[in-house]
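Student: With the hints as a guide, bring the two chains together.
In the order they appear, the protein sequences are chains A and B.
Following the numbering used here, the numbering of the first sequence begins with 77 at its first residue and continues without gaps.
Following the numbering used here, the numbering of the second sequence begins with 344 at its first residue and continues without gaps.
These are calculated hints, taken from the structure and not from any lab test.
Predicted model, so just to flag it, every value in this text is computed and none were measured.
Check before you lean on any hint, since a few could be wrong.
Derived Cβ-Cβ restraints for the label pairs, each shown as a range [what the hints assert, rightly or not]: (1) B:Glu783 / A:Ala120: 56 to 64 Å; (2) A:Gln192 / B:Asn626: 43 to 51 Å; (3) B:Arg741 / A:Gln192: 29 to 37 Å.
If the Cβ cut is set under 8 Å, some of the chain A residues that face chain B in the computed set are [unchecked claim]: (4) Asp91; (5) Arg100; (6) Arg163; (7) Gln166; (8) Lys183; (9) Thr186; (10) Ala187.
From the three backbone atoms N, C-alpha and C, an ideal C-beta is built for every residue, glycine too.
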Amino acid sequence: MNAVAKPLVVLADDDPDIRMLIERILELEGCAILPAGDGAAALALIREHAPALAIVDVAMPVMSGTEVATQVRADGSQIPILMLSARAQQSDVAAGLASGADVYLCKPFTAEELRQNVQSLLSGVTRSEAGS
Amino acid sequence: MALHRRWTLPFWLLAGNLVLWAIGDTIWDIYTFLLHQDAPYPSVADFAFTGGYPLLFIAMLVLVRGRGRPRLGDLLDGAIIGGGFALVLWVFLIHPAVGNGAPLFSGLVSAMYPAMDGLILLGLTQLAFSKGTRNASYNLFFGAFLILLTADVAYSYLVTSGAYVPGSLLDAGWMVVFAGWAIAALHPSMRHLGDVQRAPTHKFSLWRLGTLTAALLVVPILLEVNTSSTLDRRVLAGGAAFVTLTALARLALMWRERELVERRLWDSERRLRQLFQESEEHNDELRELDTLKDELLALVSHELRTPLTSIRGYLELVLEDTSQTLSADHREFLDVVDRNSNRLLRLVNDLLLLARVQAGRLEVETRPVDLNRIAAESVAAARPAGDRGMVTLSLHTRDRLIATVDPERVAQLIDNLLSNAIKFTPPGGGVDLIVSEEGESAVIEVADTGMGISVGEQDQLFTRFFRTRSATVAGIQGTGLGLAISKAIVEGHGGEIGVQSEEGVGTTFRVELPRGARALVEQVAGAVR
Numbered sequence: 077m078n079a080v081a082k083p084l085v086v087l088a089d090d091d092p093d094i095r096m097l098i099e100r101i102l103e104l105e106g107c108a109i110l111p112a113g114d115g116a117a118a119l120a121l122i123r124e125h126a127p128a129l130a131i132v133d134v135a136m137p138v139m140s141g142t143e144v145a146t147q148v149r150a151d152g153s154q155i156p157i158l159m160l161s162a163r164a165q166q167s168d169v170a171a172g173l174a175s176g177a178d179v180y181l182c183k184p185f186t187a188e189e190l191r192q193n194v195q196s197l198l199s200g201v202t203r204s205e206a207g208s
Numbered sequence: 344m345a346l347h348r349r350w351t352l353p354f355w356l357l358a359g360n361l362v363l364w365a366i367g368d369t370i371w372d373i374y375t376f377l378l379h380q381d382a383p384y385p386s387v388a389d390f391a392f393t394g395g396y397p398l399l400f401i402a403m404l405v406l407v408r409g410r411g412r413p414r415l416g417d418l419l420d421g422a423i424i425g426g427g428f429a430l431v432l433w434v435f436l437i438h439p440a441v442g443n444g445a446p447l448f449s450g451l452v453s454a455m456y457p458a459m460d461g462l463i464l465l466g467l468t469q470l471a472f473s474k475g476t477r478n479a480s481y482n483l484f485f486g487a488f489l490i491l492l493t494a495d496v497a498y499s500y501l502v503t504s505g506a507y508v509p510g511s512l513l514d515a516g517w518m519v520v521f522a523g524w525a526i527a528a529l530h531p532s533m534r535h536l537g538d539v540q541r542a543p544t545h546k547f548s549l550w551r552l553g554t555l556t557a558a559l560l561v562v563p564i565l566l567e568v569n570t571s572s573t574l575d576r577r578v579l580a581g582g583a584a585f586v587t588l589t590a591l592a593r594l595a596l597m598w599r600e601r602e603l604v605e606r607r608l609w610d611s612e613r614r615l616r617q618l619f620q621e622s623e624e625h626n627d628e629l630r631e632l633d634t635l636k637d638e639l640l641a642l643v644s645h646e647l648r649t650p651l652t653s654i655r656g657y658l659e660l661v662l663e664d665t666s667q668t669l670s671a672d673h674r675e676f677l678d679v680v681d682r683n684s685n686r687l688l689r690l691v692n693d694l695l696l697l698a699r700v701q702a703g704r705l706e707v708e709t710r711p712v713d714l715n716r717i718a719a720e721s722v723a724a725a726r727p728a729g730d731r732g733m734v735t736l737s738l739h740t741r742d743r744l745i746a747t748v749d750p751e752r753v754a755q756l757i758d759n760l761l762s763n764a765i766k767f768t769p770p771g772g773g774v775d776l777i778v779s780e781e782g783e784s785a786v787i788e789v790a791d792t793g794m795g796i797s798v799g800e801q802d803q804l805f806t807r808f809f810r811t812r813s814a815t816v817a818g819i820q821g822t823g824l825g826l827a828i829s830k831a832i833v834e835g836h837g838g839e840i841g842v843q844s845e846e847g848v849g850t851t852f853r854v855e856l857p858r859g860a861r862a863l864v865e866q867v868a869g870a871v872r
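Here chain B stands alone, though its shape is the one from the complex (with noise of 0.2 Å):
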C-alpha cells in the first residue's frame, strides 16, 4: 500500500534516531557490562544520543506541517510554554551542568541533554496545537514523547542529583517510548494523521487563561523555590521578560480574533436585516399587485354585468313573446344564446365572488334555516343535468335540520358540488347527497361513482382555476373556479370541506358547518357602514 510521503518521513525519522540510540546504547552497555567501569564523559554515546534528538523535532515538525498550516497564535502558545518550560530546565538542570566549575566541554554536552527535551517538548506543543484529527495514531506518538519527555527529564535530575541507578523503572519508560512509536506507525488510522478535524479557535478558554498564568508564574516560582544566589539574574529576567511579551503577544491575538468575529457577526446581522427589509419590501409589492389584480377582477366583473343586463332582457323579451313570429329554427338558436348568456353570467358572478373571497369580504348572511329543505331544492335543480348524463341521483335525509347558515351560499355550495359529481361521473353512475348531524356540526357529503381525483391533485383541488388532468383530458366543461368558492363559503362559515377520492372508483366531498355558525363576518359591521 502506497502512504504518502508526508505520513512516512516521520516514521522513518524516527527510525534513523533509534538507530543513532542503539549505538549509543551498545557503547554505554559495552562500558557498564563488559568493561565493568564508567563510560568516559563525554563519548561518541552522548554524540549518538543527543545527535537523535533533531530527527526526532523534524519528524514532529513535518507531521505538525502536515496537519494544516500553524496559525500565530499556535506558535505563541508553543512559545510560551516552551518559554516557562526552558527557565524551569535552565534553573534546574543546564545551569547546574554548566555552572558546577566542571570542565567547559563536558559542561556544555551536560546542558545538551536538557537543551534537546526542551525541544521536544517545542515539537509537542506544535502538535498539540495542530489542526489534524485526534485519532489513534497521533494519541500513540503524542503520548510516547510526553512519555520520553518525562523520562528525559527525571533522568537528568535524577543524574545531577546523583540518585539515578541503572535497571531502575525509569529505564522502562523509553521502552514504552519505543513501543508506542512502533504501534503508531503501524496503526491503520496512521493515513488519516492529516484530516482535518476542526478549525482551530482562540477563544479565551479557561485552559489558555490557565496556560498563560501558569507561564506568567514560573519565574516567581523558580526565584521562591530555587533560593541559590548563583543564578544568573540576567537569564531570569530575559526569560521573565520572553514569557510576559508572549503571553501579552498571545492576549492581543485573542482580542483582535474576538473583534473580527464580533464584526463578522454584526455585518451578518446587518446583511440579515437588509434582506429581511428587501423581502417586506417585495412583499408589499405582490401584495398591492394581488389587490390591483383583485380590484381589477372587481371591476371588469362588474362592468360585464351591464351589457349582460341588456342581453338577458331582450332575449327575455323575445322569448315571452308568444306571438309565434319566431320560426322554430330562431327559437331554438335563441336558447342557445340564452343558455350561454346564462354560463357567462354565472362565470362572472363566480370571477366577482372569488375577487371578494381574495379581498377578504365574503359576505355570509346567517339565519335559523333547514339544510333538508335546501339539499332537496339542490337535487331538484341538479336532476336535469342528472338525466342528461344518465346519473342517477339520490338525496338522503332525515327530517329536519336547522342550522344558522347562510342559505342562499350553501345552496350555491352544494349545486357546486352536485354540478361536479355529475360532471364527472359516467352514464349510469350515481351521485348520492347525504345531510346528517353530527355533535354541534351539520354534515353535507356529496359521494358519486366517477373517475377518481389522483393523490397528488386532490391537495390543489380547492386551488382557484385549478383543473384535474383528467378533466381537460375527458374535455370536461369547468372553470376551476366551483371549488375554489366551495371552499371560501365553508371557510366562511367556520367550517371544513375535504375529500376522499380514489382513481376509478369514485369522489366523496365531506363538508362540516358549524350548526349555530358564529356569522365570521363583517357584513354586520358593513350594513351598519
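Chain A on its own, in the form it takes in the complex (with noise of 0.2 Å):
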C-alpha cells in the first residue's frame, strides 16, 4: 500500500463503537484514519498532523466539536470539518456551522450519507449543511 496517496483523517468522537464503525466505513474508502477520543487530543492531531479532513463529534469531554472548529478556523486553518451530533435542531446546526464547520451531519447516518459527504470534502466540493 501506498502510504502517501491514503487521506489522512482525524476522527474525533468519544464513542469508541462510533469511532470504530467510522473507521471501518473509511477505511474501505482508502483512508487513514487517526482516532482521538476527546476534542483537546483531536486539536492537537490536527495541528500536528495538518490532515485532508476533519470528523469530530459535537458533545466530546474536555473540549467539544465547536470549540475545536473555532480553534482550527483561529489557526488560520483551512482544512475542511465534517461535524457530527446527535443533536438536530436547527439551531445546533447553525452552531456548528458558525463555529467553522463545512458540513453538519445528524446522527444516526448511514454509511452511505458518511461516503458521500467525506468524498465531496475531500475532492474539494464543500457543501454547506448535510440532512439528517
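Tutor: The structure is reproduced here in C-alpha cells:
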C-alpha cells in the first residue's frame, strides 16, 4: 500500500463504537484514520498532522467539537471539517456551521451519507450542510 | 287542611277582638237606635272597644315573630315612627282629652283610644319591617290595619272637635277592615306568610333617611302648628329627646352595618388575592415541571440516538456485505433487527420533535415547492404498506401546486396521515389523497374507507399519546404521536387541520395550509444566533 496516497483523516468521537464504525467505513474508502477520544486530543492531532479532513463529534469531554472547529479556524487552517452530532435542531446545526464546520451531519447517519460527504469534502466540493 | 298554629292564631285573635267590638257595638246601638239617647260615657261599650286592641296587637306580634326574628334595626325603625306618631297623638288627641277639665276617669278612657291606635301603629311598623314574603294575604292583613288606623284617628279627631256624624262614610272604613281580615284569613297565600323573602338590609336608602328626617321634624312642626300654650313642655321635650336618640341609634347601627360589610368585602378581596396568588404559584410550578419533562424527553431522545447510530451503522455494514457469508436465516433475522431499529429511530425522532413542539421550538424552514410532487413521493413511499394491507392508494392532483412550506415537514405530515389511513382501513378498502387549492390555501385531504372515529373521540384525536378505543381493541400498532405531530406541523405553517368521520364508513382528514406561508418561526432568529 502506498501510505502517501492515502488521505489522512482525524476522527474525534468519545464513543469508541462509533469511532470504530466510521474507521471501518472510511478505511474501505481508502482513508488513513487518526482517532481521538476527546476534543483536545483531536486539536493536537490536527495541529500536528494537518490532515486532509477532520471529523469531530460535538459533545465530547475536555473540549467540544465546536470549540475544536473554532480553534482550527483561529489557527488560520482551512482544512475541511465534518461535524457529527445527535443534536439535530436547526439552532444546533447553525451553531456548528458558524463555528467553522463545512458539513454538519446528524446522527444516526447511514454509511452512504457518510461516504458521500467525505468524498465531496476530500475532492474539494464543500457543501454547507447535509440532512439528518 | 291542618295549618300551623302560628298562622291560625292571629286570625283567632282577630275573631276575639271582633266579638268584643260586636258587644260594644250592640250596647252602643241599643242606646242610639232603640233608646234614642247617647250612651253614658264611659260605659261598658268603651271597655269592649278598647279591650279588643291588645288582642289585635298580639295578633300582629305573633305574625311578626312568625315572619323571622326581628332585628334591632327593625325595632328601632318601629320605635322612631311610633315615637313621632305618639307625639302627634298626644298633642292632638290625648292631651285635649285629659287636659280639658273633664273628670279624670272619663278623660283616661278618652285617652285610651288614641293610645290603642299608637299600639296598632307599633304593630304595623314591626309588620312592615318583617322579613316574610309580601303575598296577597299579607297585603290584605297589612292594608286592613292601615285603614283601621286611619279610620280610628279620623274618628277620634272628629269626635274631639265635635264634627262626627254617625252613619257617615267613615263608618264604612271599619267594614272594609273586617272584610280585609276575612279575605286575608281565607286566602290560600295565608299559609306562606312565614316564607322569608329577603334578608333585611340596613342601607342608607333615601327612604330610611326620609323617615328619620320626618321623625326628627315632628316636634318642631307640632310646635309650629299647635300654638296652644297648655302643651306640656316636658312631654314634648321628652318626646323630642326620644325620637332624636332613637334616630341617632339607628344611624349608628347603619354605620356599623356598613363597616361590617366593608370589612367583609375587604376580607373576601384579600382572600381572593391570596387564592389568585396561590394558583399562580401552582401554575408556575406546573409550568416548571412541564419544562423539566420536555427537557428530560429531549435529553433521553438525544441519548437514544447515539447508541442507535452504532446499531444501525454496524447493521448496515453487515447487510451491505455481499460475500454471502450470512445464511438466509441470519439475513432474515437481521432484516427484522433492521426494521425494528428503524421503528425505534422513528419513535425517538417523533418524541424529540414533540418535545420541541411543547417547548415552542418547532422549526419550519419554508421555501416554494410543488406540493403535488411531495404528495406523489409520499404515495410512492406508502405503496408497500398499502399493498401489504390490500388497500388501494390513489392520488388526485392537478398539474402543479406551488406553496411556500417546509417540504420535509409537509412530507412527514402526509406520510403520517397516509400511514394512519392505511392502518385503519380493512383489506379491500381504499385511501385517497387529494391535493387542491382553495383561494389562498392549499388543501390536502386524506380520505379512507376505514373503521371511523366516534364523535366523542374526535376532539381528543390530536392530543399526544391519545389512542382511540377501537385502535387499542383491534391491536393496531401506534404511539399516539402521529396526529399530535401532524397538528404541530400544520400549526407551525399557520394552517388548520380537521377531521370528519363516520363509524364504519370512513374518515377524512383535511389540512389547509396558507400557500404563501408566512413562516411563523424563530428559526431565522435561531440561525442568526
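Student: Each hint: holds or not?
Tutor: Results of checking the hints against the structure:
Between Glu783 (chain B) and Ala120 (chain A) the CB atoms are about 58 Å apart, so this pair conforms to the stated range of 56 to 64 Å. Take Gln192 (chain A) and Asn626 (chain B): their Cβ atoms lie about 50 Å apart, and the range 43 to 51 Å holds. Taking the beta carbon of each, Arg741 (chain B) and Gln192 (chain A) are about 35 Å apart, inside 29 to 37 Å as hinted. Taken as an interface hint, Asp91 (chain A) checks out: its beta carbon lies about 6 Å from the nearest beta carbon of chain B, inside 8 Å.
Look at Arg100 (chain A): its Cβ gets to within about 6 Å of chain B, closer than 8 Å, so that hint holds up. The restraint placing Arg163 (chain A) at the interface with chain B holds, with a minimum CB-CB distance near 6 Å, inside the 8 Å limit. With a cut of 8 Å, the hint placing Gln166 (chain A) at the interface with chain B holds, because the nearest CB-to-CB distance is about 4 Å. Evaluation of the Lys183 (chain A) hint against chain B yields a held restraint, the C-beta minimum of about 4 Å falling below 8 Å.
Satisfaction of the interface hint for Thr186 (chain A) is found here, the shortest Cβ-Cβ separation to chain B being roughly 6 Å, below the 8 Å cut-off. Restraint check, Ala187 (chain A) versus chain B: the minimum CB separation of about 5 Å is within 8 Å; hint holds.
Violation of the numbered hints given earlier is absent; every hint is satisfied by the structure.
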